[in-house]
Amino acid sequence: MMTQNQLQIFLSRVINAQCDLVTNWLSIGFIHGVMNTDNCSIAGETIDYGPCAFLDKYSASKVFSSIDTHGRYAYSAQADVIVWNMAQLANALLPIVKNNNEVLNEFNELIQKMPSQIRSLWLKKFGKKIGITKSTSEDLKLISGFLNGLASRNEDFTISFRKLIEEPEYFKSVDADWYNAWESRTSDEPDPFSVMASVNPNLIPRNHQIEFAISSALNSNFEPFHRLNVALKLPYEKNSKFSDLELSPTDKEEVVKTFCGT
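In the working numbering, the protein residues as written are 67 to 328.
Derived from the structure by calculation, the hints contain no laboratory data.
It cannot be assumed that every hint is accurate.
Mimicking DSBU-like on lysine-lysine, the simulated pairs with C-alpha atoms at most 35 Å apart in a straight line are [to be verified]: (1) 318 - 191; (2) 238 - 318; (3) 304 - 179; (4) 238 - 299; (5) 307 - 323; (6) 229 - 318; (7) 207 - 179; (8) 164 - 299; (9) 299 - 318; (10) 229 - 190; (11) 229 - 304; (12) 179 - 318; (13) 229 - 200; (14) 164 - 128; (15) 200 - 318; (16) 307 - 318; (17) 229 - 164; (18) 179 - 123; (19) 194 - 123; (20) 207 - 123; (21) 123 - 229; (22) 164 - 207; (23) 194 - 318.
Label-pair ranges, simulated between beta-carbon atoms [unchecked claim]: (24) 221 - 302: 19 to 27 Å; (25) 214 - 102: 28 to 36 Å; (26) 75 - 232: 25 to 33 Å; (27) 112 - 260: 23 to 31 Å; (28) 277 - 69: 48 to 56 Å.
Ideal Cβ placement from N, Cα and C applies to all residues, glycine included.
Assemble the whole structure, with the sequences as input and the hints as a guide.
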């Protein structure tokens, strides 16, 4: 039987792992699709993600899962859902805690701190995505401005962050005010482009490429699957052999719904 102190440590560590995991998802545009509590591991690993998907065009409210009719597990909602999931874990531990008010208060405090914990991690990870090694709350406007720009221009999430590394002048042409603020903010960074390159993948498992690999395999052609598998082993490296896998889907190729078998 775990002691009450061990229970507190256990819950704290699970919460820390989940906050780190979900903000990692957000930083690469990953949508789990079905974040029920039974699909949430205390090990802080991504499991049971059948209807998962990656963002193509950026939209904070994007939903892919065919069973998520109300957007409960939308891209930006994942941060809220993990707080709810951890609250349910805390509730499940209550029979062991019994009526120890000190432990109950500690559990409540851990859950109440989660939103700010997630915001802090999100800020840190997205700061690096635009070349800022140590983000502060003052950088929120800059990061949000970049994302809002992607949404308003209907631009690809992954490609846009890579474009900021490879073609930064593009952003001066579409939003000079944002570009000038970003250039000023990163001017004191030793090597912002290396920071960005280390956290912005060049290649993700594009939904339409996954769909193509599945449909090909169903027709006994496993070459697309094996090729995609090889390419994704080095997602941060550019390789001309796999340049087609980097592209956004055409309107015809775009996957709008995913299923538990995806």
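Against the structure, the hints come out as follows:
Distance restraint check for residue 318 and residue 191: the Cα-Cα separation of roughly 33 Å lies within the 35 Å cut-off, and the hinted pair is therefore satisfied. Distance hint between residue 238 and residue 318 is fulfilled; the C-alpha atoms sit about 31 Å from each other, no more than 35 Å. Proposed proximity of residue 304 and residue 179 is contradicted: the alpha carbons are some 39 Å apart, above 35 Å. Taken as a hint, the residue 238 and residue 299 pair is honoured in the structure, with Cα atoms around 33 Å apart against an allowance of 35 Å.
Under the criterion of a C-alpha separation no larger than 35 Å, the hint pairing residue 307 with residue 323 is consistent with the structure, at around 29 Å. Proposed proximity of residue 229 and residue 318 is supported: the alpha carbons are some 24 Å apart, at most 35 Å. Using a Cα cut-off of 35 Å, the hinted pair residue 207 and residue 179 holds, with the two alpha carbons roughly 22 Å apart. Pair hint residue 164 plus residue 299 does not hold up; C-alpha atoms about 48 Å apart against a cutoff of 35 Å.
The straight-line distance between the Cα atoms of residue 299 and residue 318 is roughly 27 Å, inside the 35 Å bound, and the hint therefore holds. For the proposed pair residue 229 and residue 190, the alpha carbon gap of about 20 Å is at most 35 Å, so the pair holds. Between residue 229 and residue 304 the CA atoms are separated by roughly 13 Å; this keeps the pair inside 35 Å, and the hint holds. Between residue 179 and residue 318, the direct Cα distance comes to roughly 44 Å. Violation of the 35 Å bound is thereby established for this hinted pair.
Among the hinted pairs, residue 229 with residue 200 is consistent with the structure: their alpha-carbon atoms are about 22 Å apart, no more than 35 Å. At roughly 41 Å between alpha-carbon atoms, residue 164 and residue 128 are farther apart than 35 Å, so this suggested pair is violated. With a C-alpha separation of about 41 Å, the suggested pair residue 200 and residue 318 falls outside the 35 Å cut-off, and the hint is violated. Distance check on the hinted pair: residue 307 and residue 318 sit about 23 Å apart at the alpha-carbon level, within 35 Å; holds.
For the hint pairing residue 229 with residue 164, the CA-to-CA distance comes to about 54 Å; that exceeds 35 Å, so the pair is violated. Restraint check for residue 179 and residue 123: the C-alpha separation of about 31 Å stays at or below 35 Å, so the hint holds. Pair hint residue 194 plus residue 123 holds up; C-alpha atoms about 21 Å apart against a cutoff of 35 Å. Restraint check: the Cα-Cα separation between residue 207 and residue 123 comes to about 21 Å, which is no more than 35 Å; the hinted pair holds.
A distance of roughly 14 Å separates the Cα atoms of residue 123 and residue 229; the hinted pair therefore holds under the 35 Å criterion. Distance restraint check for residue 164 and residue 207: the Cα-Cα separation of roughly 44 Å exceeds the 35 Å cut-off, and the hinted pair is therefore not satisfied. Annotation: proposed proximity of residue 194 to residue 318 holds, straight-line Cα distance about 34 Å (limit 35 Å). A C-beta distance of roughly 20 Å is found between residue 221 and residue 302, which places it inside the suggested range of 19 to 27 Å.
Judged by the Cβ atoms, the range 28 to 36 Å given for residue 214 and residue 102 holds: they are separated by roughly 31 Å. Remark: the range hint 25 to 33 Å for residue 75 to residue 232 is contradicted by a beta-carbon distance near 45 Å. Against the hinted window of 23 to 31 Å, the Cβ-Cβ separation of residue 112 and residue 260 comes to about 27 Å, which satisfies the hint. Remark: the range hint 48 to 56 Å for residue 277 to residue 69 is upheld by a beta-carbon distance near 50 Å.
Of the numbered hints listed earlier, those contradicted by the structure are 3, 8, 12, 14, 15, 17, 22, 26.
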